Amino acid sequence: MSEPRLKSGFWVKAQLRLCDLAFLPCVVVKRGDEDAGQILIKINRLNKGCQLLAKRYTDDGGRAWTVVAGDDEQACDAYIFRESNMDADLWVLEIEDLNGTYQPDGQEPLLE
Numbered sequence: 007m008s009e010p011r012l013k014s015g016f017w018v019k020a021q022l023r024l025c026d027l028a029f030l031p032c033v034v035v036k037r038g039d040e041d042a043g044q045i046l047i048k049i050n051r052l053n054k055g056c057q058l059l060a061k062r063y064t065d066d067g068g069r070a071w072t073v074v075a076g077d078d079e080q081a082c083d084a085y086i087f088r089e090s091n092m093d094a095d096l097w098v099l100e101i102e103d104l105n106g107t108y109q110p111d112g113q114e115p116l117l118e
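Position in the sequence shown (first residue = 1) + 6 = the numbering used here.
In short, the hints are calculated from the structure, not lab data. It is possible that some hints are incorrect.
Cross-link-like lysine-lysine pairs, in silico, DSBU-like; alpha carbons within 35 angstroms at most [said to hold, decoys possible]:
(1) K19 to K61
(2) K36 to K13
(3) K13 to K61
(4) K36 to K61
(5) K19 to K54
(6) K36 to K54
(7) K36 to K19
(8) K54 to K13
Since the structure is predicted, the reported quantities are computational estimates derived from the model, not experimental observations.
Turn these sequences into a full structure, and let the hints guide you.
Here it is in structure tokens:
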């Protein structure tokens, strides 16, 4: 049996609110399917680089946020471009987080 999941649109709205409360600028760069679109999170640390996160399956069958591109903003943007060409339902959030305090779902992202 699959684990229950929040609808993508609801989860994105919650992240916008959480970022607002934490004084982290956050914008929806690409709006996807409200119910089940995949979500990419671009964490822009400005002069300290960039990270792109996606939810992936782990070895134990769970799901965790994973760094799929990083350091170079152009690499993150290229990954987003490729994914959005393949997946019309994709959501993309961009968060400016100079101090690295943002953690999706309260967890440190895994390295791929």
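Evaluated hints:
| no. | hint | result |
| --- | --- | --- |
| 1 | K19 to K61 | holds (17 angstroms) |
| 2 | K36 to K13 | holds (16 angstroms) |
| 3 | K13 to K61 | holds (14 angstroms) |
| 4 | K36 to K61 | holds (17 angstroms) |
| 5 | K19 to K54 | holds (26 angstroms) |
| 6 | K36 to K54 | holds (24 angstroms) |
| 7 | K36 to K19 | holds (13 angstroms) |
| 8 | K54 to K13 | holds (32 angstroms) |
In terms of the numbered hints stated before, the structure departs from none.
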